[in-house]
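Fit chain B to the supplied structure of chain A, relying on the hints for placement.
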Amino acid sequence: MKPALRRYVGLVYVAPALLFVAAFVVYPLLNLIRMSMTSASLLGGGAFVGWNNYLKAWRDETFWHALLFTLKYTAYVTPILMLGGFLLALLTAEPGRIARFTRGVVFLPVVIGLGSSSILWVGLLDEQVGLVGRLLHDFGLVAQPPVWFVDANRGLWAVILTVVWKVIGFGMLLFVAAIQSIGIDIREAAMLDGASYWQRVRYITLPLVMRTLLLTTLISVIGSLLAFDQFYIMTSGGPRSETFTSVYWIYQNSFIYFKQGYGAALSIILLAIVLVLSTLHLLLTRRGAET
Amino acid sequence: MRIQNLVRRALMAAALTVSTCVALPSMAAENLSMWVRASGANAAQRLVDLWNSGHADKITLTVIPDNQMVSKLATGVGAGDVPDLISFDLIYMPDFMRAGFLTDITDSMKGDANLPKVAKAFTELATYKGRLYGTGFTPDVSILIYNKDLFKKAGLDPNQPPKNLAQIHDYAKKIHALGPDIYGFYFSGSCPGCNIFTTSPMMVASGAKMLPAAAGDEPLAGSGVKEVLQLFRDMWAEGLIPKSAQSDNGSNFVATFKTGKIGIQGAGGFVIADLKKEVPNMDFGVAFLPGIKEGQASAFVGGDVIAIPKGSKQAAVALQFIKWELTDEAQLEGLAKNNILPSRSDLANNKYFQADPRVVTTAKAIGIGYVPWVFHFNDMVNSDASPWIQMIQSAVFDGKVDDSIAKAKAKMREIAAE
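Residue numbers (the numbering used here), protein chains in the order written: chain A, 1 to 291; chain B, 1 to 418.
Careful, some of the hints might be misleading.
[Claimed, not checked] Derived coverage of chain B by chain A (criterion: at least 3 residues anywhere in the stretch with Cβ under 8 Å from a Cβ of chain A; other residues may be distant):
1. 59–73
2. 247–254
3. 376–382
4. 386–394
It should be emphasised that the hints constitute simulated quantities derived from the structure, not laboratory data. From the three backbone atoms N, C-alpha and C, an ideal C-beta is built for every residue, glycine too.
The shape of chain A in the complex, shown without the other chains (with noise of 0.2 Å):
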């Protein structure tokens, strides 16, 4: 077959994936920045605006907030996802009845959707009626039954608690994957050579879960940049929009204000934003891993 006939067959053989890709990648994609650009909204409308939807989201202090909420969000949550999990992981890793039993047990939240567990929060911290407010109060650690999405900080530290106890078993099981697969040789070498349980995790157990740490974190900042269920159904974006994420506030334009153009304006930004973070990340974590 000629060199160039052969191209053509390769070509044939993405072709699938690239008509996928176009299809529900590209496509939509490109809508979105047409949209973008449009008055659309959902009771009419649709007439070109060309910049204006921008120029309007840059000066739109709550989309701001809202971003620097859901960073402030990201921080928080991801070292308390990845610290927790790894700690979880060293403890469940060894093969034992007991830590199957606790992996099994850590990790049954993460079969629950995020929206089924946040409606179960709110009843559980509920002043009224919520059993956590009722134990603290029980166990003599607070006067009265504490009040959580009152406040926009107590709101978010009450969301981080629901979302930690939601997925870190899924962290926890990546990286117990990832300790399994180190060899017990290298383990026994260690042991060999003198070096204590923390010296084996430090010099052995973390450089070579290093990979699944950096995806894990990875898989974290993004999901944490793109939070909306657990916000939406816990705070309402309250008090006084406070704790609105970039998400539920282009889900408000977009859905509630039916403002779909600008909505869309919003998402691109969004999106931007995602993708420039994510680059980074990978650079930084990249060149931490080669050094």
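Frame of chain A; chain B shown alone:
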């Protein structure tokens, strides 16, 4: 002669056959489709069942999740694929009429004997530029509920609900004095919809005009807005309202009242059946939401309206259904019999409600109630970031009453100008 007769008969027979064939399609029973939002599905089903049991034309109901109704209708109108009838949250009526989603029924409804009896709030809301686009279907309305058991314990007359704002404050104080975990008043402080439903009628009753129908209109006009916010602020500062009210986004709208530790609060008509079922031993009363002075009262008329989407393929039969649903038969046997409020004010005191005077009071509230005629209701009121809820939170929980009203007015003007 005989041949002529034969020809004549043959021609007559042919004409009859042709006319029968032509007439048949219009006489044949039709199948109509109707969309209803999930919240109103139960009530709508009762009416549709009653209609289907007595009419050759049948209606099939499709339940649409509340938050998908606007997008489904918008895309349906755009694609020319709409149901024959639609029942939706009445607050969208002005936006839908302006967007051209609905069929003008003014001329067809002219002379309908029941239309003038429909609660004024519905007819006003369904009118755009002097033309009618729909009417009331399955209403709900806001009322004031109070715990008679707590009233008795506090030395108050359980048959005398508060009749003005000062009395709400006074009674709330007396009820809170019963114990630190007993509260005089409750409202969902982070729920914009709950507050337009239960708090704004107190403002309207006090003479306020709430939302701007046009760009130049003054929003939140009148001293009633400040009076009500100040009342709530004072009760909050005095500890008469539980702390959890501040973060309640509506999920505990009436759940807190069910604990038996709340004296007074605004609620909806739906709460009567709910309380009777959930807390059968609680003795509670129902009254109109009052204003500053005794004798002033109002309510927020909520629930669903009915209309014919533009592009309906069975508009004529759909119109028959709309006319039918306003008749005594539909209002009483379809709604009242099933403990659902009628949209006709003249039927508030009907045979089915007489067993419980609280239901009669609730049904009467529809007749005195209001509903704001406004575009962008979600932006102004219903969203979690609306100027309406920002104003309430800032005024009640931060004490910035005047400042919060000024900011809300400015934002509402900005939204109205869009």
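Is the listed coverage of the segment 376–382 of chain B by chain A valid when you require three or more residues with a beta carbon under 8 Å from a beta carbon of that chain? holds (count 4)
How does the coverage statement for the segment 386–394 of chain B fare against chain A, requiring three or more residues with Cβ below 8 Å from a Cβ of that chain? holds (count 4)
Please verify the coverage claim for the segment 59–73 of chain B: does it have three or more residues whose C-beta sits within 8 Å of some C-beta in chain A? It holds, with 3 qualifying residues against the three required.
Taking beta carbons only, do three or more residues of the segment 247–254 of chain B come closer than 8 Å to chain A? holds (count 4)
Of the numbered hints given earlier, the model fails none.
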